[in-house]
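Peer 1: Each chain, written out:
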Amino acid sequence: MTAPLAAYEGIVGATVLRQLHQLGEKLSGVRVVHVNSTREGGGVAEILEWMTPLMGELGVKATWEVIHGDPAFFEITKAIHNGLQGHNVGISSKDWKIYEDVNGTNFDRLRPILEEADIVFIHDPQPAHLLRLCERRKGKWIWRAHIDISRPFRPVWKSLKPLLEGYDASIFSMAEFAQPLPHPQFLVPPSIDPLSDKNRDLSPAEIDAVRTEYGLDPSRPLLVQISRFDRFKDPVGVVTAYRMVRKVAPVQLVLAGGGATDDPEGKAVLEDVMEAAGNDPDIHVLLLPPDAHKTINALQRLATIILQKSTREGFGLTVTEGMWKGKPVIGGDVGGIRLQVVNHHTGFLVNTPEGAAHRIRYLLHYRQDIERMGETGREFVREHFLLTRHLREYLTLMLVTLRDTKANMIEV
Amino acid sequence: MTPFEVKDCALLTRMSGLLPAINLRELRERIAACGENVLFHHYCETTLRASFDNPDYRNDFAVWSKLYLGDRVLAERLGIIDPYAVSSLGDLRAATLEVIDERLSELTMIPWARAGDEFFFMEATTVMFSAGIRIRHPSRLSDAIRKMTNGSIYFHFLEARRRPPIGADDFTAWLLENEDGGRNRPYIEALASIDFHFHSLAELRKELATRLSGLEGGR
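These protein sequence lines map, in sequence, to chains E and F. Residues 1 to 412 in our numbering are what the first sequence lists, from first letter to last. Residues 1001 to 1219 in our numbering are what the second sequence lists, from first letter to last.
Just so you know, the hints here were simulated from the structure itself, not pulled from any lab data. The C-beta atom is built at its ideal place from N, Cα and C for all residues, glycine as well. Check each hint, because a few of them may be wrong.
To be verified - List of simulated lysine-lysine pairs, DSSO-like, C-alpha gap at most 30 Å:
| no. | chain 1 | residue 1 | chain 2 | residue 2 |
| --- | --- | --- | --- | --- |
| 1 | E | K406 | F | K1007 |
| 2 | F | K1007 | E | K61 |
| 3 | F | K1147 | E | K26 |
| 4 | F | K1206 | E | K26 |
Stated by the list, open to error - Label-pair distances were calculated between CB atoms; the ranges are:
| no. | chain 1 | residue 1 | chain 2 | residue 2 | range |
| --- | --- | --- | --- | --- | --- |
| 5 | E | A3 | F | S1087 | 33 to 39 Å |
| 6 | F | S1087 | E | S28 | 56 to 62 Å |
| 7 | E | T405 | F | S1213 | 39 to 45 Å |
| 8 | F | L1097 | E | K158 | 53 to 59 Å |
| 9 | F | H1137 | E | T212 | 56 to 62 Å |
| 10 | E | S28 | F | G1090 | 55 to 61 Å |
| 11 | E | E115 | F | S1213 | 57 to 63 Å |
| 12 | F | E1076 | E | T212 | 50 to 56 Å |
| 13 | F | S1105 | E | T63 | 57 to 63 Å |
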């Protein structure tokens, strides 16, 4: 359940809300349809869950539609999704036909709303084919890529590119994730909701409950990495870094994440982590359920230093979340972590377990920097990575697209 | 005296359509060919973008040269280029190309970035909002500036230099427009005395408010 816009005023200030209302006035009555492939689970659904009602609150007639499909369709779209992210996948012409047919069935159901919409946002590749089917469309169609397609598997990209070229605009999270397309390509980074269970303020009692539940010692520094058990997150490297630091400082380590149970690769990584952790009572490997938002929130608040030692990363919203809790972040020098972590300001970028160990020791030595960097990071997130900024950029690009302008400046 | 209408602004960033540059020669070719909006973005709008203030260098080309080409000589030469000290974006482009050409002539090998570390050429649309605030007297400037957002500071003190009257910030333009018998002179001089090249927007706000505080004059 998303809080009303007014609830964010104490966090982002009245000026930010004023901007949103000014944009809302210009877009009042505009019919917007978001289309994705799932109502629950995953980052896209989480975004649409707050974005749709907040757009509505600002006067935009926003609706959110979900395409339906059978397991075969979603296996194909999963392969397309993976192919766009660079995996070598096999998608036959028969598979592409199924992809188009299922989009066709959904189009029959969604036709009136899609034809009448002023703006249609198509999220990710699953419903992308709807554009070709909607020949009598009146509005502008925008494709939103939530994934990194900088190095796609060429056969998949060759099949999908002609379809995406038909859109009026596209949106990517970062320049590094984009592919050249013959229309405006907007850059809109993701965001966090400061009032969600994962990010809202917690009472001391709520934080203490998590500390007690996992047997964490309040008198010693705590290192925390929150991420699924995936090799690209390098959890074993984190354990290596911890061991180097442990020789000189009595630190504790929490590695917490989910998603390992039905994923063979994740399971193997988790086993490697458990083996690396051995019987060390100060290493806490926590396999959390997908809805453990409050626990994650508390662990981040209990941390002395947040780690995100990825060797490959998307935007890295766990970094954003850690910074929002006022903690310095030691992160891998990759992807969106680079946009957020700046050496000596909000944390440190590292390339190796040795680098991570060095920076952990540095921060434990210069304790005053922990607070300073944490405060800087929190303000940085407040300015750039909260959902109000995300919403403002969507509204702005709607305005720019509807006006069909490439002007350097627009006044609202 | 005409009241000063406070504006606020934000950027909507987009790809420029130029291919990314992987080495110094490609950077040079793209800078020679890019639109002025692209140049302005990487020199000036970088302060407002969601990238952190790099304390060493004030423009994206210098930062990229240092971090990803590993060429500190080039970074230093690009870093000292002040986009507000040249008379036009055409001159800014010429100054940038001159530095790069000089560096290319010194090098025996073209510096390259790793795949994934390319320079991405971007541009932005500035969205201007009304902040709903009016300043009616120069003596109120300091207090008003202290409460302004980063967007307002950027818009009125930096971005303004791109709009007529070219090279002047909005505060100075307002003070000159309403000048009567030199009473606004202390404010105009205080604004002109600020070396803003190394300031983040938060620092600039503080400096503006401090310099304009407690001045005598105005009507």
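Peer 1: Does each hint fit the structure? Answer for all of them.
Peer 2: Right, here's what the structure says about each hint:
1. E:K406 / F:K1007: Within the cut-off at roughly 21 Å; holds.
2. F:K1007 / E:K61: Holds: F:K1007 and E:K61 sit about 28 Å apart, inside 30 Å.
3. F:K1147 / E:K26: holds, 26 Å
4. F:K1206 / E:K26: Violated. F:K1206 to E:K26 sits at ~33 Å, over the 30 Å cutoff.
5. E:A3 / F:S1087: 33 to 39 Å: violated, 49 Å
6. F:S1087 / E:S28: 56 to 62 Å: About 43 Å separates the Cβ atoms of F:S1087 and E:S28, which means 56 to 62 Å is violated.
7. E:T405 / F:S1213: 39 to 45 Å: Check passed, 40 Å falls within 39 to 45 Å.
8. F:L1097 / E:K158: 53 to 59 Å: violated, 36 Å
9. F:H1137 / E:T212: 56 to 62 Å: Cβ of F:H1137 to Cβ of E:T212: about 59 Å, so the range 56 to 62 Å holds.
10. E:S28 / F:G1090: 55 to 61 Å: Given range 55 to 61 Å: violated, Cβ gap about 41 Å.
11. E:E115 / F:S1213: 57 to 63 Å: holds, 59 Å
12. F:E1076 / E:T212: 50 to 56 Å: Given a distance of about 54 Å, which is inside 50 to 56 Å, the answer is holds.
13. F:S1105 / E:T63: 57 to 63 Å: holds, 59 Å
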